[in-house]
Amino acid sequence: APLALACWFWLIGVVLAALLAVASGVERADIAAAAALGAAPSLTGFILLPRLGSKWAAVGWLAVWLTSLTGLVAGTGGAGSPLAAGLLIVPALTLALGRRWAPEAGAASVLSFALAAYVERFDDTALGPFAEIMTVVSIAFAAGLMALSRRAIEQMLAS
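With the working numbering, letter number 133 in the sequence shown gets 969, and the count goes up by one each step, no holes.
Calculated from the structure, these hints are not laboratory results.
In this text, all values refer to a predicted model and were calculated from it rather than measured experimentally.
Ideal placement from N, C-alpha and C gives every residue a C-beta, glycine not left out.
Accuracy of the hints is not assured; some may be wrong.
To be verified - Pair ranges (Cβ atoms, derived):
(1) GLY942 - PHE845: 16 to 26 Å
(2) ALA988 - ILE848: 21 to 31 Å
(3) VAL895 - LEU993: 32 to 42 Å
(4) ALA988 - TRP892: 36 to 46 Å
(5) GLU990 - PRO886: 33 to 43 Å
(6) ARG864 - ARG986: 35 to 45 Å
(7) VAL972 - PRO838: 16 to 26 Å
(8) ARG987 - GLY861: 40 to 50 Å
(9) PHE958 - GLU990: 22 to 32 Å
(10) GLY916 - SER995: 35 to 45 Å
Work out the full structure: start from the sequences and follow the hints.
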């Protein structure tokens, strides 16, 4: 249930960021693409929630998060994007899922940041306040996952 609430939090954050960006005059097509990319992890999470005890379901969901966040970072400024902080979601989610792959997830996030910095050179989309709003959502989301991971870590240590 806590991960379902986390998915709802993320999805609502994406929608609010998109609405505020459109209200500030950003091109709707650009925001629609960014919002669709941003919504993908939570929608995937809703589908995979019943199966997250499976190793491959967890790996798949982490991959969706990493792919989506890499695209968002690339589309919002690459190396200079404040949304790069969102890449911390992947190792935090790994711990919240009760998996011991946080170092590997962190390394994957670093590589994703490098890829986003490279890919950004080919993008000229202006998304207005979308990046800043999603950065706030990302940091709050990662903090919530870290709070959830305390229980998962305690269970891992007990077993």
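**Prompt:** Against the structure shown, which of the earlier numbered hints fail to hold, in ascending order?
**Reply:** 3, 4, 5, 9
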